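Visitor: Build the full structure now, drawing on both the sequences and the hints.
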Amino acid sequence: MRLMSEEQTMIRDMAAGFLDEKAPVDALRKQRDSGGGYDRALMGEMADMGWFGMLLDEESGGVDMGAEAAGLVAEEMGRRLSASPFLSSGVMSAVVLRATGGADWAAKLASGEAVVAMAIDERVKHRPDAIATTAEKSGNGFVLNGAKRFVSDGAGADRVIVTAMTEDGLGLFLVDPGLEGVQSRALKTVDSRDAADLRFDNVQLDGAALLAMGDAAQEALDGALRVGRAVASAEMVGVSKEMAERTNAYLKERKQFGIALSNFQALQHRAADLYTQIQTTDAAVAAALRAIDEGSDDAELLSRVAKAKAGKTASLAVREALQMHGGIGMTDALDIGLFMKKARACAEYLGDGECHGDWLLRQRGL
Amino acid sequence: MRLMSEEQTMIRDMAAGFLDEKAPVDALRKQRDSGGGYDRALMGEMADMGWFGMLLDEESGGVDMGAEAAGLVAEEMGRRLSASPFLSSGVMSAVVLRATGGADWAAKLASGEAVVAMAIDERVKHRPDAIATTAEKSGNGFVLNGAKRFVSDGAGADRVIVTAMTEDGLGLFLVDPGLEGVQSRALKTVDSRDAADLRFDNVQLDGAALLAMGDAAQEALDGALRVGRAVASAEMVGVSKEMAERTNAYLKERKQFGIALSNFQALQHRAADLYTQIQTTDAAVAAALRAIDEGSDDAELLSRVAKAKAGKTASLAVREALQMHGGIGMTDALDIGLFMKKARACAEYLGDGECHGDWLLRQRGL
Amino acid sequence: MTDLQEFRAETRAWLEENCPKEMRQPMSEADVCWGGRNWVFQSKAQEQWLERMAARGWTVPTWPEAYGGAGLSGDEDRVLKEEMARISARPPLQSFGIWMLGPALLEFGSEEQKRHYLPQIARGEVRWCQGYSEPGAGSDLASLQTKGVDCGEYFEVSGQKIWTSYADKADWIFCLVRTEPEAAKHKGISFLLFDMTSPGVSTSPIQLISGSSPFCETFFDSVKVPKDQIVGERGTGWTIAKYLLTHEREMIGATDSALFGSDDLVEVARDALGVDDQGRLDDPILRGRIADFLIDEIAFDAELARAKSWIRAGKQLGAESATLKYTGTELNKRRQELIMAAGGLAALEWDFADAAGDEKASLWLRSKGNSIEGGTSEVMLSILSKAALELG
Amino acid sequence: MTDLQEFRAETRAWLEENCPKEMRQPMSEADVCWGGRNWVFQSKAQEQWLERMAARGWTVPTWPEAYGGAGLSGDEDRVLKEEMARISARPPLQSFGIWMLGPALLEFGSEEQKRHYLPQIARGEVRWCQGYSEPGAGSDLASLQTKGVDCGEYFEVSGQKIWTSYADKADWIFCLVRTEPEAAKHKGISFLLFDMTSPGVSTSPIQLISGSSPFCETFFDSVKVPKDQIVGERGTGWTIAKYLLTHEREMIGATDSALFGSDDLVEVARDALGVDDQGRLDDPILRGRIADFLIDEIAFDAELARAKSWIRAGKQLGAESATLKYTGTELNKRRQELIMAAGGLAALEWDFADAAGDEKASLWLRSKGNSIEGGTSEVMLSILSKAALELG
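Chains as they are written, first to last, in my numbering: chain A, 168 to 533; chain B, 168 to 533; chain C, 25 to 416; chain D, 25 to 416.
Accuracy of the hints is not assured; some may be wrong.
DMTMM-like, lysine to aspartate or glutamate: derived pairs with alpha carbons at most 20 Å apart [as the list claims (entries may be wrong)]:
#	chain 1	residue 1	chain 2	residue 2
1	A	K197	C	D375
2	A	K355	C	E373
3	C	K332	B	D465
4	A	K355	C	D382
5	B	K419	C	E414
6	A	K355	C	D378
7	C	K357	B	D440
8	C	K357	A	E487
9	B	K197	D	D375
10	B	K422	B	D465
11	A	K422	D	D252
12	A	K422	A	E412
13	C	K410	B	E412
14	D	K357	D	D252
15	C	K410	B	E487
16	A	K408	D	E414
17	A	K422	C	E414
18	D	K357	B	E487
19	D	K410	A	D440
20	D	K138	D	E291
21	B	K355	D	D252
22	B	K408	B	D193
Covered stretches of chain B, going by a simulated chain D footprint (3 or more residues, C-beta under 8 Å) [claimed, not checked]:
#	segment
23	212-226
24	476-490
If you're looking for bench data, these hints aren't it; they were derived computationally from the structure.
Just so we're clear, the structure is a prediction, and the values are computed from it rather than from any experiment.
C-beta atoms are modelled at their ideal positions from N, C-alpha and C, and glycine is treated no differently.
Guide: As structure tokens, then:
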């Protein structure tokens, strides 16, 4: 599947229009000041627009538009710091459920009726293959033990897809957080979004909770991570572009020593360097999204490069934005701090430059 | 021992005056075009000034002025790319011979009568503890087998101090490169200095060749490396300062678009950043040299930090010099290429930032 | 025994006798004694400690005795600091009066002003704040617009300041005000002192991206300032401000650097990431970035130590102070970025509404201001390119 | 079968039949066929290959047939390149005539000029060089001083050029000359063509820090250039030059980037340093720097691929060409630094007097010129800040 350029423009414009009205930066600020997370009713409206079904087929209530479409929406969300479980539920969980035949919950998340989160991480750095959580067979079902950290959108989720080791290798389980033995601790996070630490103490799962096991589970998980990385990268491109544009506008407007900051060559060159970084990142992210939609062998590599590069670029963009705005940029009244916090969380989530750089070198036998 | 600031000024001024006349950059260029290495007669004059005895006591014909004095001379050498076996023979070998009681050869190198090189490295990166060369006991003497790479000033040396493993641990041997079984291959190097690869095939050494063994050998070697690193760092500070000063002068003189380059703020800020890097490096190198002279526990740490930092700064200085000079900087007719080549060789020799950064983290238990 | 050794022995004995046990413990932000009219001592020990030290002139040891100090020499001052450090004695008093206004008055104040204001500072009776920056005047401080209209006996001051630390807690302010509207930009500014309870003064705290902050916006609405509350001549305020800015720069550059590098960073990394089977940090690439940082930081520590030795030797730092400010603040930003990276997902847990200021995320966000306050990095580089390199 | 499929089949068959075996091998610098009056073919196969391709118009496939080309569409051209790549066929001819002068003449030349000069280029009969830079005019190229005095029938050209690639081997030169001394800087330049054997032309090769080079200094001493050898109107040379500079920039930015990153770097590192017991490069910190570089390089590869697809779609790159130039050249400098670091002491072995140009040290030193030639990185950033960001 490959979007035509008019389709791309249409998706982008619709997302921009909707989010400008419903989920601009101020909405995140208000959400933060009332406790963080996201607006569930707003999520319903996003679902109505088909966003949560972009990676699902029509039988599951999806619109099957692919990763490129999801990336376009995510970039617009990044520009506005729009809060929703789009990435966790609408993208990653959707990919898992599609691959593992979980059509009923796929339909629920596509319609916005339910939120399904992904519980992947157990360490402070993203290491999806470091799984100490276990699921032991017990009758027709399983007993789940372990802990997951920083489950994105985990506090308000209706179901959580949990990675756990079984005697037949990796297992993916769809877990109801309301079950006995599940402890959820909602986290306050630097980006003011929904996140939770989860503990599982002898949680009894019935057989239907098992989504996939062994190679099938690994493949579904890898697929979700791959798409998740690329879409998260698109969100960071949105953050980067927004910061660069606001900063350039500020440079033209703000005067020091009698002339606009935009006349200072040292700032011009830094702004231009940032621009080139964003251009390169934009291209890398677009290539990753496309490779995923085309089922190309390069998709894994490109999605990791995109994630690493987008994290570096977003970090540069927010740092330059803050420094070039000067003191006023340090105040919470301006938005730069909010973008900086988002960039940090997003760079960490699903692996940073170190994580994917290490993978890259191992692939090359280094 | 601690130099007074007037003593420092005197040493620096004398070195500068002498080297301006006898060993300016043009001398290296001529040496390069006639095959590289150094001028042995000139070395004699340097020895007459006491430079090769700065780290030796008076019994060995030295003047015992310490590492700080050697650093001052080295910095002036770095400014002019003056070629001589000062670092290898006058600094590192002198330190080994002083520690191990090799007074006769110490006296010869102090007087400039002989050159004593250090054969330490066996790999392409500096790893003085990775020694495959062996010295097996045989009668009163030893049999030496192995190979050393990139022995600085090794082609023209009268003796070479070789690190080799014995059954009692590390051994330091004073080897005559004229002995049977020693193969020396003179190298053409990027910095046009004397260097050689050495092979030892069943070289018969008499007992007197052994300078030290075990802990004593390790201590002497560590001492030589420590002083060597600090003095090499001072040489790189000389390279960095010279490059920065020439570049700043060029910026004031060269016009583009009708105004001097020194008016372009982007260049001003880069020049100023380089200046701060050089200031920091200068302080770190001075601290390392002083810590050595004071016998401080921090000397090991500081000499490694100085070497790592000086390598990074010199690399930045020559790159900025070349870029800011533009096309003309790329021509061999200008000196910048010569400084760039020296900076590269000097950064590599005795360990680069990676080497010493790794040591630093291991020290911290990381 | 030399005089200095004797001084050391006496000092050690006196401190041993007079420094309360409670004042010999590591200090957090909340334990600082700022003094002032409305100061509420944290403990009896804190009050005693201030009184005893102030009585000896040791809150401001190098100031002349006539102004509340002890007239110590540079060497004696160093010995006092060493002896206090030896028993982990807390500073009895911190204030902008000691750091900023005091040095300005000593250099530029009249004899009356020195005798009036300095002892109040030394005894912690009056707490000062600094009124420099304005919303429209950041790096270009000299373009400030707060005006002081000459009304005969007094100036009538109106305008707005920003980034006034603890303005909501301070008793008095030292303030840059444009009193000569016709003069050239740098020549129209005067250095005024006035009471923060004067009619027309109001303040409003600023929330930073890192949480609550000591900074305020401060508003002046026709505040009457008697003319004897000017320091130096009219129109010479810029000279005094520049003198203090250099002073401040050295302090900011010197902040937060422990000799031989970031124990905090090394600890966070080890705790968060663990080590592999070779005992190396289990994130090989981040490990390299940390190594690179440590090299720069230890080198900077050497530079800082050198600068301190120069100051002790009575040398003016000049352009070097801009180097320290620039290098020190940029390094601290890098350190905090690395701490956040090492802390990983765990470091993202943070509550903006309830930030105490010592969380990883707070320190990281706060560090971004280091290269802005006290002169931006860009201004430092411009200063260096002109003062040290004579470019442009 | 579509037309394009048909074209592919025909092309494949023709190449199979006509491309000599010897011309299907990887090519080094020394194997390039530059053509020209004094060209000595390396082999019979090289000569045959040029003749056969030129006869078909495939040395310049997209040029019109009337001018020695084959009039291929963009799609056909791509197919031809793919089919040549499939059998590793070498380009039959490379030249500044094809890359630079040709596009300029096609855009700005008169019909007579096109018919006269282009077929000579296509057949490799005349080898061209480019006379732009002067010792006093680097980034500020428009300030060039080489003058062409109007002498009625001809211009009399005097002055000096620098960085003229292969001036000592070229037959003709296309050259920027100031013919209108009274006009504003950018409006006084004309684009002249003349024979390098004209009386008054002399050249001298330039030695680079990386060893010998194709660059020359070129001197003009009252060289007579007939007036019909001007391209475009008098005083419009700057427009033509700018057009070509953008063209050149795209080419330089695109140089040296292999899809999905530096095999050379990865190989050097593995060979020189080895791997530890976990199979990781045995220099953990350098390993991190390499990883960081590879991420940037693969991302850049994606950008380059995107730009190529835009070009194929007929889109003008505009400011993007400055991005590619800047990013590509800065990356190559980093790559070469890393190769030198990975090569360690062994990479220092190098003989300046005898450098072949493909040693690690030569490539490293040569790469430093990448961010200067074809517009410095600083000029690229200034272009971007104005054209893309509208700053200043």
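Visitor: Examine the segment 212-226 of chain B for residues whose CB is less than 8 Å from any CB of chain D, and state whether their number is three or more.
Guide: Three-residue rule not met by the segment 212-226 of chain B, so violated; n is 0.
Visitor: Are B/K197 and D/D375 close enough, with their CA atoms no more than 20 Å apart?
Guide: holds (15 Å)
Visitor: Please verify whether D/K357 and D/D252 have alpha carbons no more than 20 Å apart.
Guide: violated (43 Å)
Visitor: Between A/K355 and C/D382, is the straight-line Cα distance small enough, at 20 Å or below?
Guide: holds (16 Å)
Visitor: Given the proposed pairing of A/K422 with C/E414, does the C-alpha separation stay at or below 20 Å?
Guide: violated (25 Å)
Visitor: For a C-alpha distance cap of 20 Å, please report whether A/K355 and C/E373 respect it.
Guide: Judged against 20 Å, a Cα distance of about 6 Å means the pair holds.
Visitor: Given the hint that D/K357 pairs with B/E487, test it: the Cα-Cα distance must not exceed 20 Å.
Guide: Given pair D/K357, B/E487 holds - Cα atoms ~12 Å apart, limit 20 Å.
Visitor: Can the restraint linking A/K408 and D/E414 be considered satisfied, given a maximum Cα separation of 20 Å?
Guide: Roughly 15 Å between the alpha carbons, so the hint for A/K408 and D/E414 holds.
Visitor: Regarding the pair B/K408 and B/D193, is the alpha-carbon distance no greater than 20 Å?
Guide: holds (18 Å)
Visitor: Just to be careful, I want the Cα atoms of C/K357 and B/D440 compared with a cutoff of 20 Å; is the pair within it?
Guide: holds (16 Å)
Visitor: Given the proposed pairing of D/K410 with A/D440, does the C-alpha separation stay at or below 20 Å?
Guide: Holds - the C-alpha atoms of A/D440 and D/K410 are around 12 Å apart, at most 20 Å.
Visitor: Taking 20 Å as the top limit, are the C-alpha atoms of A/K355 and C/D378 close enough?
Guide: holds (10 Å)
Consistency with the previously given hints fails for numbers 10, 11, 14, 17, 20, 21 and 23, ordered from lowest to highest.
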